[in-house]
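Trainee: Each chain, written out:
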Amino acid sequence: MSASTSHDHHDHHEPNFLQKYVFSTDHKTIGIQYGVTALLFIALGFYLMMVMRWSIAYPHEPLPEWMSWVFTEEWRGRWLQDGKVTGETYNMFGAMHGTIMVFLGVVPLGFGAFGNYVMPLQIGAPDMAFPKLNMMSFWLYFVGGAMMVASFFLESGAAKSGWTNYPPLAQIADSQFVNQLFTGQTQWLLGMVFLISSSLLGSVNVIVTMVNLRAPGLTWFRMPFFCWAMLVIAFLLLLAFPPLEVAAIMQVMDRLTGSSFFMPSGLYTASAGALDVSGGGSPLLYQHLFWFLGHPEVYVLLLPAIACVAEIIPTNTRKPLWGYKSMVWGVMVLGFLSFIVWAHHMYLTGMGPMVSSFFQVTTVLISVPSVILLTSLLISLWGGSIRFNQPMMWAVAFIPMFGIGGLTGLPLAFNLADLHLHDTYYVIGHFHYVVAPGILFGLFAGIYHWYPKATGRHMNNFLGHLHFWPSLIFINLVFFPMLIQGMAGFHRRWYNGGDAYLEKAADGVNVFGLTVLEKIDLNILMSTSAWFLAAAQIPFIVNFFTSWKTGKKVENDNPYDATTLEWATPTPPGHGNFETLPEVYRGPYEYSRPDHDEDYYPQWHEPAVAKKEETADL
Amino acid sequence: MNEKILDEIPYIVNPRKDTGLFNSKIGIWLFLASEVMLFGGLFSGYIFLRVYADYPWPERVLPILPGLVNTFILIASSVTVVFAWAMLKLGKWNMFRLFMGITIACAAIFMGFKVVEYKAKFEHQGVRLADYTILEGHLHAADVDSHGHIVHDSHGHDAHGEGHDAHKGHDDHGNKEATTVHTSVNNIIFDAKKLTFDLTKVDEKYLETILEQAATHDAKVTFSKDVFSQSEPGVKPVKIISAGDELSYEKLIAAKEAFVAARTHNAAERTAELRRLWKESKAENEGVAGWKQAQDIAIDTDKLALVPAKSSISATVEPHISFVFAPQKVKSYNASSLTRKDGTMVVGSLQKSPMELGIDAVDFTFLVQQAEEMGIDPDDAVEKAWILSHSPAVKAAWEEHKKHVAAIDEAYFQEALKKTDGDEEKAREIANHVPEVEKYRMTWKDLVRYGSHGEINLQWYDGFKGANHKNEEWAAHFPDISIPREQIAFESKFTPRWNNYYAIYFTITGLHGLHIIGGAIVLGYYMFCPNMFRKNPTWLANRVEVAGLFWHFVDLVWIFLFPILYLM
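Residue numbers (the working numbering), protein chains in the order written: chain A, 1 to 618; chain B, 619 to 1186.
The hints are simulated quantities; they were obtained by calculation from the structure and are not laboratory data.
Fair warning: this is a prediction, and the values are worked out from it, not measured in the lab.
Any given hint could be a false lead.
To be verified - Under the rule of at most 16 Å between Cα atoms (straight-line distance), these lysine to aspartate or glutamate pairs were calculated in the EDC-like manner:
(1) A:84 x B:891
(2) B:959 x A:518
(3) B:947 x A:155
(4) B:1013 x B:1098
(5) B:921 x A:82
(6) B:910 x A:503
(7) B:874 x A:82
(8) B:897 x A:65
(9) B:910 x A:65
(10) B:949 x A:276
(11) A:132 x B:626
(12) B:897 x A:82
(13) B:910 x A:521
(14) B:874 x A:555
(15) B:1111 x A:276
(16) B:819 x A:155
(17) B:921 x B:826
(18) A:84 x B:850
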């Protein structure tokens, strides 16, 4: 198409405030919208966790005023008992903590924010392929999240059946209310349908952009690893999320039309008696549909963090990424395998040894590509002249933290060990090591790394240290004791932290020879660490919002002397990103090339002996 | 390429050279991949539910003809959408509109058939009896008087006339029968003396059915006790309801607000007290574990300034009348009390609450399955079925049916005998048998055939919508029965609630229908874009191509849906 016809469709009018900042179609604005919204959701998820941790450490004491002031008096009268957290409220907060952190916090931050902001810049695209869909994707996410959070204020409260929402428990919950549409459980499901539609639009957009909008010369294997990771994530979201949408729709049908998709025959509960449903459904079906998403979702959470770290390490070691190609193949194998490991979450359902063995084998297999990724990052540090700036500290901390998370997962992959550890704090410790000190550290690294590009200013170094070191210490004090408690048999759903257990069987010893009595005091250490961890985030919040206006200005468009295309844009990039269409001449990590004077050779720099005439005609 | 304006998205109209695709084409293929996973999930759900069903999965229960016609209509529309695209490529705007118009019309006809099919299901009643016999049919309508008696007068029930139109709700039947409630006969009828409302769950619609029925029968529902509002001690309580006030939604809401205010106050008081106790305890018992300290901490409520908070409120009905409650809105009941789903408890006495049904199908397959699991001979179990001893008409039809099945079995046997040269034993082994689904199930066609002794000859096109009670000739052979409430184990219209076959049927076809509507809106929209055609016909053709691909996918889904839901 010639430029003249496309001109007819494009009026160069100045966008007004709403179009520019709220209903923007610019991928960078949408990326920032995603990022800020996700960080707010993470803060909310963190708060819910603090209330839960209070209940675990001090189950008999009223919630302290510094924590309960956010609630209205009426809300406290409804949901707290003499100021104490009740089991029901704990369940509600637990379910929403998980949901918010996974679906509203980390995925939108990793894929929504970084995928949107950085990926098109790195491939030299003017924007995403479908900017309007991109905007819709953000707003669907926003509405879905708002629905879920608003349900806290319904008569029924928010969803309260775990972040996995297993039936039949999830379906009996809130079933006492007349208007089923406006119950927390139903709103959770409908919110989920919105979120899934949002990631569907996002993932289609990302893949199309990467296939069709790469800059001239940017062949597949000249793409930074970051983009490869985003591509794999997009495929995971595209293909793994629909089955969960099916599960959500089916559960909505069960709630609103009285069908029995997930209700077995002859179900009886103490409160409702024999349930007046046709029965004949299968709760196991829900678990399969849920975990078919649930496991790929783990990699949707993880890969953005690895992607950020994989960009930051070469930049700050001034060395090429070690094993770039093995990492690319590794991430693809990882993406594929993640579709066939889901039932390792379901060993306890009695699927039978054949099925369990199959999933055990695939689960062990998937650790191979994971180890390739992590080892490549680790070896990339070797022999580098490392610049320990803010992003690099987080990136380097990511490696051992994620390592602990990954290695503690190995016993859970095996059926035999998992039977003992299932639903204990060991599992909680394991996946929180992956997600919190692992993934969140990686994403913090990303925020510190690209902040100067997005705002034109550096974040404050002192506040950065004040954020990093306490976070590193306290996050380990929160999560490491969980691994020990888990082996003592602490169950993940004890809303009073094992307290009720003490009165009945204080000396009960489980298979690992540890007792609840010995380890219960760790609750206080962990909870206190959680409060300090919260305090450690204050420097970040201050830093994030004040550096925008007062931070040290960046001196040039490429402050880190990096090689990838996002640093070829003006700072911050304007609409359309690049001033001239970039062209790519080499791979993404050309640092310290012996035949080059500078220690970096950006992808967009023309070679010295360029055939200038030829390329100008393109 | 360099002269292109940089904030234009490239490859919207023309394909990129190395990939050979324009953006939206990649986009739609990815979207369809996701759709494959969506419908794949649903189909897997279908397989899972069917394979693990612990009840006889309904087979071939939908009228095939409308589904078949719909299949061809959808295939035709897939062809015309390609023609429409081709016409656009040839630059023929009017021909494009013609073919696109046909496509949209096909979509409309398809949805029309779906509406007819759905409506028939929503009117069809199913009952599972206590002995696992399944009856299908249409509910009769009748009038219920203030004593809970069902009045069969000229207005209400006549054999197969208007009574088959199930009226939901409670139509007041004018002056002539001012004290009866007209309703379909499937209700729990309960003589009420006292009502107790759960203030946390007051629901306006639930309350309305009570108020309306009380008004119809000229009964007064009045609060039994005074209710005061007091949010703090020391403040004089305000009377918001006096004993004898008439029940109303506003009053209940006022009582609810009073309760919430009192609860809020009390919670704050108790929380403050508990904080104080812990402070003291911690000062005294330093180093003692929290759970041990907790054993000695208890709030002494006498010392606190609490206000009364009651979450329920009662009302009396004078004179006693019988209320008609839809069973779906009742949570539980016994002879002397009933709880509705909004928490309203009714104290009184349960009246006879039969279901009056015009039967159009009798299905013993579930009963047979249960009998086999318990090791009982299935044929014996069927003979003892409640329905056979309580409905002579069903019994007669069943005898006919057995003869019919025996005749077919005998024919199979004779056929086999020819192959085995008269060896009876061998013939018995290889002879076909009537499958259980047909052996233990009488459809509406069977009932008509047996009832009319073969006089009514049903054609292949009869029953486009299934059993039709408005056709008096057929309906004369649908036996009527009054089923006592205690015989009913489960009942429902043919909605997703009835069983998982219908649940998955409505879910998949409903989602498919939404896809049809969405696709038709997008495709139809392009018919009204002559400007786009004039300015950039290639772009418009791209869009139609992409939407057309979606349309083919929707068609493909139906091609899978039709056999699994209609034929298997």
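Trainee: Hints first: check each against the structure and report whether it holds.
Mentor: Right, here's what the structure says about each hint:
no., hint, result
1, A:84 x B:891, "12 Å, holds"
2, B:959 x A:518, "47 Å, violated"
3, B:947 x A:155, "19 Å, violated"
4, B:1013 x B:1098, "12 Å, holds"
5, B:921 x A:82, "15 Å, holds"
6, B:910 x A:503, "9 Å, holds"
7, B:874 x A:82, "21 Å, violated"
8, B:897 x A:65, "14 Å, holds"
9, B:910 x A:65, "23 Å, violated"
10, B:949 x A:276, "8 Å, holds"
11, A:132 x B:626, "13 Å, holds"
12, B:897 x A:82, "15 Å, holds"
13, B:910 x A:521, "13 Å, holds"
14, B:874 x A:555, "64 Å, violated"
15, B:1111 x A:276, "14 Å, holds"
16, B:819 x A:155, "8 Å, holds"
17, B:921 x B:826, "43 Å, violated"
18, A:84 x B:850, "22 Å, violated"
Taken one by one, the earlier hints fail for this structure at numbers 2, 3, 7, 9, 14, 17, 18, listed in ascending order.
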